[in-house]
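Based on the hints, put chain C in the right spot on chain B.
Protein sequence lines, in the order shown, are assigned to chains B and C. Mapping of the first sequence onto my numbering: position 96 corresponds to residue 96, and the numbering continues sequentially without gaps. Mapping of the second sequence onto my numbering: position 183 corresponds to residue 1183, and the numbering continues sequentially without gaps.
Each hint should be verified, as a subset may be incorrect.
What the simulated footprint calls covered on chain B by chain C, stretch by stretch (three residues with Cβ under 8 Å from a Cβ of chain C suffice, anywhere in the stretch; the number is not a length) [said to hold, decoys possible]: (1) 147-158; (2) 168-178.
Interface residues of chain C toward chain B, partial, derived using beta-carbon atoms under 7 Å [as the list claims (entries may be wrong)]: (3) L1033; (4) C1079; (5) G1082; (6) F1223; (7) G1226; (8) N1227.
Hint data in this document are derived by calculation from the structure and do not stem from the laboratory. None of the values given here were measured: they were computed from a predicted structure. C-beta: ideal position from N, C-alpha, C; glycine also.
Listed below are the residues making up each chain.
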Amino acid sequence: MNVRSCLALAALLFFAAGAHAEPYFAVRTGLKCVQCHANVTGGGLRTPFGNAYAQTGLPARRLRVEEEPWSGMLGRYVAIGGNLRANFDHVDVPDQDERSAFDVAEGRIFVEASVIPGRLSVYVDEQLAPGDADNREANVRLWLREGTWYVKAGKMYLPFGWRLEDDNAFVRQVSGINMTTADDAVEVGLEYGAWSAQLAVSNGTAGGPELDNGKQLTLRAAHVRPTWRAGLSASFNDTDAGDRYALALHAGIRTGPIAWLGEVDYIDDDGLGPTGRQLIAALGEANWMPRRGHNVKLTFEWFDPDDDVDEDEQTRTSLVYELTPVEFLQLRVGARVYDGIPQNALQNREQYFIELHGFF
Amino acid sequence: MRLRLAGSKRIQPMLVPAALLAIAGCAGSGEGLDANGRPIGEGGSDGGSNGGPPGGPPPATGEFRQIQDTIFTPVCTNCHAGAAAPLGLRLDEANSYAMLVNVPSVQVPALQRVTPGDPDASYLVQKIEGRAAVGARMPLGGPPLPQSSIDLVRQWIAQGAPPATAGLAEQLQPPRVVSTVPAEGEECPTPSTLTIVFSHPVDAALASADTFQLHASGGDGSFAEGNEIQVPLASVEVSLVNPTVVTLTPRGALAAETYRITISGSGAVALADVDGRVLDGDDDGTPGGDFHATFTVTEGTP
Chain B
1 MNVRSCLALA ALLFFAAGAH AEPYFAVRTG LKCVQCHANV TGGGLRTPFG
51 NAYAQTGLPA RRLRVEEEPW SGMLGRYVAI GGNLRANFDH VDVPDQDERS
101 AFDVAEGRIF VEASVIPGRL SVYVDEQLAP GDADNREANV RLWLREGTWY
151 VKAGKMYLPF GWRLEDDNAF VRQVSGINMT TADDAVEVGL EYGAWSAQLA
201 VSNGTAGGPE LDNGKQLTLR AAHVRPTWRA GLSASFNDTD AGDRYALALH
251 AGIRTGPIAW LGEVDYIDDD GLGPTGRQLI AALGEANWMP RRGHNVKLTF
301 EWFDPDDDVD EDEQTRTSLV YELTPVEFLQ LRVGARVYDG IPQNALQNRE
351 QYFIELHGFF
Chain C
1001 MRLRLAGSKR IQPMLVPAAL LAIAGCAGSG EGLDANGRPI GEGGSDGGSN
1051 GGPPGGPPPA TGEFRQIQDT IFTPVCTNCH AGAAAPLGLR LDEANSYAML
1101 VNVPSVQVPA LQRVTPGDPD ASYLVQKIEG RAAVGARMPL GGPPLPQSSI
1151 DLVRQWIAQG APPATAGLAE QLQPPRVVST VPAEGEECPT PSTLTIVFSH
1201 PVDAALASAD TFQLHASGGD GSFAEGNEIQ VPLASVEVSL VNPTVVTLTP
1251 RGALAAETYR ITISGSGAVA LADVDGRVLD GDDDGTPGGD FHATFTVTEG
1301 TP
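This is chain B alone, in the form it adopts within the complex (with noise of 0.2 Å):
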């Protein structure tokens, strides 16, 4: 890699902002996510066809037209990427002074390394920023068969339900599999025909040490059509602390220029309150593309904390407008309403952010 390149590169990782996994574009698309990400349930690296569609498909106009189009590859063996998520927060909570600060709410470089191309890779997902170098994902891949069957082994975020963006979505706080909360593993993958399934079996301790013996088992299986797909996910964590069951429903469907998301999850943790509590999240989006590079995104979002308890449900409800004006660089401009019980102050706050994004 010359200067120039390096400067470049240097230049997208510091002007870029967090791209995360937004499964609306695989619902857009009708792809897998492995047909643009080399993980293949979504996030992180993006393959040559997804760096393909982010300069070709995603922004309102290109600005490098005449050139060879980024790729991800350096040579033949080695691919590298990254993002870069730069926040304006604005956050209304009742009965508290208002609040507003600039952040870096992301800065993450994917590096990985096919030492035999489509068979063995070696995969890392390091977070930058904020703060020090925060390892998320360090895996070694090897394809059984190409293309088809997988086994994977190392630090890797667990497969469950849809691998949105927001790790804050109920879906994803609830379930406690995000992307935050990458465990050590060994997962097994298929992916064939219209079919995707993954079985991981981890430590259990969303990162932590293992303090016990038990561990958590979790599988996702989709089944994904052009326009439309439906998928199952399951996991049990044998903790000291209590078991925990997770049931999750999701699907997508694409009608004209929208593509719906949505996903149920139930779950049974015997380690919460004195005798276990049931919860039950549900998410239902619309991302609406009146045009190439710009989406509307609608979401709407229920939490029961306890089953066995009334009047305690919570919503929220964001609307976000994302503009890709140029390939590698998102504009997002939302607002996010929180609805819950009138004495917690908390559930009740109104979010406001603009958020510039870079990724390569």
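Showing chain C alone in chain B's frame:
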């Protein structure tokens, strides 16, 4: 209205907000619940009535109960609870104290999550103030805690991070062990000290190598074979600022082995609290009985 699949040009985008907003307004009324969304009178938590959730009137003192009720339960346990708690850190009422005080941080193991007496060196404070070396400010994705809440945590730590004051019923009970670090059954790297938290202030005059003992299993992981080896203790110290906490310092680094802490609640010399009540070591609700906690050092000096 009828939805059409991909390819339809007659989809009406206004259907989207209409459909989603139609099901909005489904939040609970909160009737019969405390500020944490729990039924009033359920017990344990006071439901934030001391100060409500962050944003309410600042609590007056650095009581751990207030921190639990106004910060951990309403805010942190949205994620840090149950078997899926991030980094294994559970901040629900039953676990928070034992998982915080004198417990190394996972992200920065050189720092304790809470170092009694030293708020600046406590990783918990660094995380909620947004100056931790690793990762984002907590609460993740939510508004920062009000300064009054951060001050409450700082005050509690500066006062020695005492556990929640026992309720009247608890005060009438004999003293018992609340938690140990390392915890029962835990596998851990070589600890430099062992910490025991009691429900009541301990009589320092009785805290000695006679009442606190540490044994190695003799290599077989069992303490019933008669081959156990007593590990000498360099010190047995009752915290001056928080006499419910006792720290044991082994003489020399603990090798990779299984160990058992024994606290005497019976026999010629039994541990007692400052009111002279003997330890309820076997946790049967009556004074007497020895307490045992076993842990395994996985990385030690061979």
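Hint-by-hint comparison with the structure:
1. 147-158: As far as the region 147-158 of chain B goes, the hint is violated, because 0 residues have Cβ atoms under 8 Å from chain C.
2. 168-178: holds (count 5)
3. L1033: 6 Å, holds
4. C1079: 6 Å, holds
5. G1082: 4 Å, holds
6. F1223: 19 Å, violated
7. G1226: 27 Å, violated
8. N1227: 25 Å, violated
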